Amino acid sequence: MRFKSAALLLVLLFALPAAAQDMANINFYANLGDQAVATVGDAVKLFALSMGQKPRDFNAARQFLIKEGVFPDKPYAESDTLRRRTAAFIAARYLKLGDSIMYSIFKNERYAVVACGANGIMPADKSEWDALSGAELMELVARVAERAEAGK
Amino acid sequence: MKTIYTMLFASLALVFAISTANAAVLVVSTRGEAAYRDGAAWKPLAKGQTIKEGTMVMTGVNSQAVLNIDDNLLTIKPLTTIKVLKNSLTKSSSDNAIGLKNGSVNARVKRIGTLKTRFNIVTPVATSSVRGTEQNTSHGPAFGTRIQVPVGLVNASNDSGVNRNVGGRSSFSLRPGNQRPDPLLGDLRNGAITQLNPANITGDEQAGLETFGDQLVDNFDDALGFYNKNVGGAASVKVDLIWPNP
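Protein chains in written order, with this note's numbering: chain A, 52 to 203; chain B, 1074 to 1319.
Chain A on its own, in the form it takes in the complex (with noise of 0.2 angstroms):
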């Protein structure tokens, strides 16, 4: 009888961190819906998380997307506002967009937003420099996550 609440309590101890880490994913996804801006830390998170990584902080899930190739090499802080440029990278280097002849020479932030426009992953007519909301970002993860899945 001891041994199998021994046994019950380890199961419980275990599986509780995870459940616990699930709902803070979730409140995080609630809490970046109602953000007028997001950060860059919001979107290096959100992307690393759809790409199967669970992150322990901004600094681990940005190495990681640098050494995917999906982040631009630069130094950006967790608290830098998300403009479009950046969002767009990470989007066009993830899905390897190059159907666009001034990002496939350049694969800069500029011609990122060009090369999403183009393939409809963003809306073409705005501007490289606006701020991200946190629901604009969420769209564009859902978006690319499910041009990844269609391309597999």
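Just so you know, these hints were derived from the structure itself, not from any lab. There may be inaccurate statements among the hints.
What the hints assert, rightly or not - For lysine to aspartate or glutamate, the following EDC-like pairs were computed, each having C-alpha atoms within a straight-line distance of at most 16 angstroms:
| # | chain 1 | residue 1 | chain 2 | residue 2 |
| --- | --- | --- | --- | --- |
| 1 | A | Lys147 | A | Glu160 |
| 2 | B | Lys1183 | B | Asp1168 |
| 3 | B | Lys1125 | B | Asp1143 |
| 4 | B | Lys1183 | B | Asp1143 |
| 5 | B | Lys1150 | A | Glu197 |
| 6 | B | Lys1189 | B | Asp1168 |
| 7 | B | Lys1150 | A | Glu200 |
| 8 | B | Lys1174 | A | Asp85 |
| 9 | A | Lys147 | A | Glu119 |
As the list claims (entries may be wrong) - Calculated from the model, a selection of chain A residues having no Cβ within reach of chain B, i.e. all distances over 12 angstroms:
| # | residue |
| --- | --- |
| 10 | Tyr80 |
| 11 | Ala111 |
| 12 | Ile117 |
| 13 | Glu119 |
| 14 | Gly120 |
| 15 | Asp124 |
| 16 | Lys125 |
| 17 | Tyr127 |
| 18 | Arg134 |
| 19 | Leu146 |
| 20 | Lys177 |
| 21 | Gly185 |
| 22 | Glu187 |
| 23 | Ala196 |
Stated by the list, open to error - Now the in silico label distances, taken between C-beta atoms and shown as ranges:
| # | chain 1 | residue 1 | chain 2 | residue 2 | range |
| --- | --- | --- | --- | --- | --- |
| 24 | B | Glu1126 | A | Lys177 | 33 to 39 angstroms |
| 25 | B | Lys1120 | A | Trp180 | 43 to 49 angstroms |
| 26 | A | Glu197 | B | Leu1146 | 16 to 22 angstroms |
| 27 | A | Arg107 | B | Ser1165 | 34 to 40 angstroms |
| 28 | A | Met74 | B | Ser1161 | 27 to 33 angstroms |
| 29 | A | Ser178 | B | Ala1119 | 39 to 45 angstroms |
| 30 | B | Ala1307 | A | Ala182 | 52 to 58 angstroms |
| 31 | A | Ala175 | B | Leu1162 | 43 to 49 angstroms |
Bear in mind the structure is a predicted one, so any value in this text is a computation, not a measurement. Glycine included, every Cβ here is placed at the ideal spot set by N, Cα and C.
Take the given structure of chain A and dock chain B to it, following the hints.
Chain B only, in chain A's frame:
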């Protein structure tokens, strides 16, 4: 000890019986992170669970949840937040409304005999009414509301007087800030017609020439003019006409 277990089991059975007495929204399956809002807190959504009218449901990245709403299936896709606005079933009618805050859903609504069925998907800018059909609806701040109907016909409307029937290869797209939706066959048209620029160059080439033209093409003051000069001219074409034998 046995008495405690019996009482615990009886309490759980009672709680379960109370929670399922009037509910018609059943969680068929979940994948990844799926949660429902209970008061101020989000709690994990589980297969077999029932949820009440007014409940919000959210999914995370690479996640989905499938709900059975009066025998109609609603698939909640990744990064989506919905609310069960209405869930009512009587002997003569089934009346359901789902609020889509952001994300996308797929709804498969059955036509059941003489039962009057109403299944609405409501976004902040439009409402789609599904009867005996399947539809994909998405809503977000960048692209607004989009409705595609793989099977059947759906009516899309809003408070600004928009009223469209969507089906087949047409799709409904109401972008943020617009009062009127895009043409229903807009997707088809955009996929079929190539956009042309002057001098037969693509948009990318034109942008490139406008930005770097003088660096790319030496000895020409007007880089686009270089292309224009090479567009016109005479050419001979040999044509063989072959008439069918009588």
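Hints broken by the structure, by number, lowest first?
10, 20, 21, 22, 23, 27
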